Structure formats: structure tokens, C-alpha cells
Amino acid sequence: MSGMSSRDARLERDPAERAADHAAIDRLTDELLPALIAKLGATGLGELEVREGAWRVRLRRPGGSATRERRASDRAADRTSDRGHASSSRPAHAPSHATVRSDSRSVATSPAVGIFQPRKDLTAGARVRAGDPLGAVDMLGVAQEVVAPMDGVVGTSLVEGGEAVEYGQDLITIEFGVPTSTNGTGPA
Amino acid sequence: MFKKVLIANRGEIALRILRACRALGVESVVAYSEADRGSLPVGLADEAICIGPADAQRSYLSAPAVISAALVTGCDAIHPGYGFLSEDEGFAEVVAAHGLTFIGPPANVLERFASKAGTRQLLGAHGLPTIPGSEGMLRDDQHALAEAERIGYPVLVKPSAGGGGKGMRMVRTARELESVLKVCRSEAKAAFGDDSLYLEKWLDENRHVEVQVAVDRYGHGIHLGERDCSVQRRHQKILEESPTPALSPAARTELAEKAVRAVVAAGYENVGTLEFLVDAHGDFYFIEINCRIQVEHPVTEAVTRLDLVAMQMRIAAGEPLGITQADVDFDGHAIEFRINAEDAANDFRPGAGTVERYLAPGGPGVRMDSHLFTGYDVPPYYDSLLGKLIVWGPDRATAIARGRVALEELVIEGITTNVDIHQALLASETFLEGRMTTNLLDRVGSAAFLAAAARV
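Protein chains in written order, with my numbering: chain A, 2 to 189; chain B, 359 to 814.
Okay, chain A solo, but in the shape it has when bound:
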């Protein structure tokens, strides 16, 4: 079961579900994307993610220009922004599943309650870009991707592979770092 990805499950859907997905995609592209692009431009964020049903859209600013932004470290406040859309009372400053802790650090958090597995080839010091996969949380056999919240360098793993994690739990720190050698990015 644990090997089954959400993509495999998607292939076996019935026509009604597929139609619903197409409707959701249409809505995402027609209604949400223009608004999101505008929002991304206005906030100066590196990345913005929105979920609609089983679908999600992630916008990433090209060139790794994630704005460093200081935020309150209050966990509850940070995480409430992960509601898929910005509420009027609490603008979505931070990318999804990320807690920006200081000018130079950010933390990738768990997108689900389940068992965490880091990407096998992930090593401390590796350079990643915002949105790069860092691992997955297995929720009842469906892998939920853990992504880098900003461009940077992989820091400390806060949770061992195979451990149970809750929704929103801190998993891997990402340090903001100046690339030392190549301009290569982490594996896609």
C-alpha cells in the first residue's frame, strides 16, 4: 500500500470523479490563477500554494528570489494561514507548510498526519529551491509531498525517517545560504 502514489490512484477514477477534477482544474485556471499571480506579485513571496479538493496549484517566482521575511514564531498563527486561500484578517504571507523563523532559516512542515520518509538522496548542505520535494508523509498509503518552503540549503532533519508526524509538524530546516560553487539546483 505504501508504495501507491496519489497519481496511481488518480488513474483508476471513474468518469464522474474525472469530470469533477476537470471542473476543479478549470476553476483553478480561470478564477484562481490570475488572482494568485497578482497576489504573488504584490507580496514579494517566493512561492504560493493553493489546494482545491485533491488538486493543488503552486506558483514559484523564477530565479530564487524568495523574500526573507521575519514572522512571529507563534505556531498557531503561522499555520492558520494554510487554509488554501488568504483570509481577510490574516494575509497569507508564508508559503504553505512552511514556518519562516528568522531572516536566515525556514522549516518544512508536514502536510499530513502519518509516517514521514525523507527523500533518500537528500543530504544536509544540498541546495534546494522553494517547492522542491524533500520527502513524503504516508497517510494511509497515500504519499503527501513535503516541500522546501524557500530557496536555500538543507539544514537539520528534526524527525527521523519512519517516525509518526502530525499535521504541520516541523520536519527539516532550510538555511538561507549563498551557493558556494555551481548554480545548479537540487534534483527536481
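Honestly, the hints are just simulated from the structure, not real lab data.
Pulled from the structure, derived: some chain A residues nowhere near chain B, Cβ distances all over 12 angstroms:
1) H23
2) A24
3) L34
4) R59
5) T124
6) G126
7) G132
8) P134
9) E146
10) T157
Derived lysine to any residue pairs resembling SDA-like cross-links, with alpha carbons at most 25 angstroms apart:
11) B:K547 to B:Q479
12) B:K547 to A:A21
13) B:K547 to A:D27
14) B:K547 to B:E505
15) B:K361 to A:A165
This structure is a prediction, so every number in the text was calculated from the model and none was measured.
Note that the Cβ used here is the ideal one computed from N, Cα and C, for glycine as well.
We have chain A already, so just place chain B on it with the hints.
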């Protein structure tokens, strides 16, 4: 009994289940959404786990998140509380498929009682008088009009799924029926994902009386008396009491015994509630069954001194009831006041915000089930129930007197509550004489009701 139970709910009922687990010596884990991180059940829990964001679809209503949380925390059972996933037979089935126990009726039992129209037929065949209604679901508008004509107006349009008054309308003419069908379908679709509707004969001066039953896996069933839930606003219960002032002791016993015989014969299992309408002549008609622990269960606990949540857990764990009907003693009178974050003077507009001061009432026969505390932020995402005040007395008059004192003592500052509607009820002659029907508040409108009570 279970070793460790995942509590997949929030608010006062999460707290109630946590307490039942502790009293039984069972470990528990409170599953919560991000919006409830600072809540009392999470604060008091032995262990708590965040299962998703504030949006209930991705937390309390997400079967994968709830089951995953139970598995990773080593639980062997899940208590769904009320609402959310509590009567979802698909969820119960997946829970069982993962080797966990669903605390409630098993999936196949939930499925048998899932359709309201089907349940009416099933229990009708087992001796319960049912209210005249449409044959099955309404296929289209023409079918609806024909069925309404056959039943006779007024009729109540009801969704097959769900509860809480959504998608429900009472109509008196064919023209009215035509105009509400579309609204009811869309409301039912939005609230329950199912737009099938049926019709029921509407009794103008009706009382809502429900029978609490408990049936173990071995077909041994008892009733725990009835509750009168006639005080409603737009089909939502506000105040419940037991025993009902509407029926004589002999009539109450007859109703309760008929109810438990029918559900045992129909193969029900675990605690459940059968709802009846009682007309002006004292005739009763079965309307629906609730396959869960109900908000108003403390009323029954107060007059029977039994722990219904513990009983529910024991039955789910496969234990026999352990008591017979003769062991159930009914003592005194109990009333529950639902304390909601809503403004009775302003069409019950729901409220949210910070509780600036909270003080629970006390004294003999007073119980407060609430997750409030001073400083608590009531999140806007969920229902408006802040707690339940339950008062008990050896008779109805004493219970009412204690209710008045307790409502006066209760302090909730920072949020508008419906406490004044309860105080108005306890000043209303109709209520004091036990003559209330389900249209008591809606007939004149709640604001007018409040104003009238204030003049007394």
C-alpha cells in the same frame, strides 16, 4: 475494553469523551484541527495530535486523516462524538478495515439505518406507528406534488441525509411546495452531499419526544426513558428535558417499550435515539433514528445516573449490557439548556471571539459540560455550541427553579449567547405549564418571544 481511544471531535463532546475514557481507565488521544490547538480538550488530553487545518473537510471530516492519526498513535478504537463522521457508514467500514473499532453501531448496522425513508419502513414493519409520508424519495417536482396531494397539506419537506433543520421546509399549499423544492435540494446537497428529499405529513401542534435506547451485540436491549425536545428554533433543539410533560407515565412507558422492541427486532446495536412526533391527542409517530451519542444525552444521565458514553464504549468493545430494564431507575426531572454563541435578539446570528470571563454555575443538581475558559478564542469555523447546562431536581418545578438560579450565575463575557432565550422560556407560561410545541418560538419569532417574556 479498549486500550487507547482516539477522540475524533472537538468542543464539549471531546471533553465529555475524554472524561469517560479516564473514568474507565482507558488512555486517549485528542485529534484536533489547527484552529483548536488552544482548546480545552487539547490542553487536558494525555496526548493530542493535529490532524489538519481549520477547514473541517481536511481535519474532522477527513476519514484518512482521522484513521491515520489513530494508527500512528497506537489507538485501537475511534470515538467520533456527534456530527462530523459519527454516522458515516463508509467511515465506520474503513475504520474496521484498518483493524480499529468504531465506537458506535457497526458499519452494516449504520448502513441499514442510513436512509430515513427506509428506516421508517423497517421500524414500521416492526410495530412502530410512522407518520404518513411519501413513498420513498421524491423523483421530481411532479412526483412531489402528487405525493403531497395524497398525504394532504401541510407537509414537511425533508432531506434523506443529515439533520439540524437544513433543507427542511413546512409548506401548506401546492404553490408553496413548488417554490421550496429547489431551495431544499440545494441546501441538502450543500450540507450533506445528497439532494434526495421526501415528504412527511406535518402536525401543526406537535411535540418532539425521543426515546434513548441501548442494545448490545447479543440482542439485549433496554430503554433509558424519553426526552422532550419540543423547544426548537427552526427545527434545531434549544432545550431538552426528561421526563416529557406531554405524556402520562403509562403512555411514556408504552412508547419507550415499543421503541426498544422495534429496534432490537430490526437488529440495531449500541446506543441510539428514536425520534417521535406526538400530536395533540397523545398519539405518537416515529420519524427518525439517530445512531450516535446525542448532544442532549446528559438529560438521560441525570435521571438514570448512568454514564451513556461509557455504556456506548462497552457495547462497542463487545461487552454485554450488564443491566436489565428492571435495573434502570428513573428518578426526578432534568433539563438541559444549550448555551450557543448566538444572538437571540438578532435572528440568532452566530458569534465568535474571545471569552473575556467565564464562570460556571454550581450547586446541587447542576452540571455544566463546556469547553469554555476565560481567555478562550471561540473559532468561527464550527458550530455555535459553547456548552450545556444541565439541572436536575426531584420534580420539574425544582429543576426549573435550579435552572433559573444556574442561568443567573453563569457568566460568559465577550461573546453574545442565547442565555436570555432560556431565561425567557423559564418565564413563559406555556413552558412552565409544560404545553410547549415545536412551533413555540417560531410562531411569534424569537425576538417577539423575548420581548413578551421581558414584559412579564
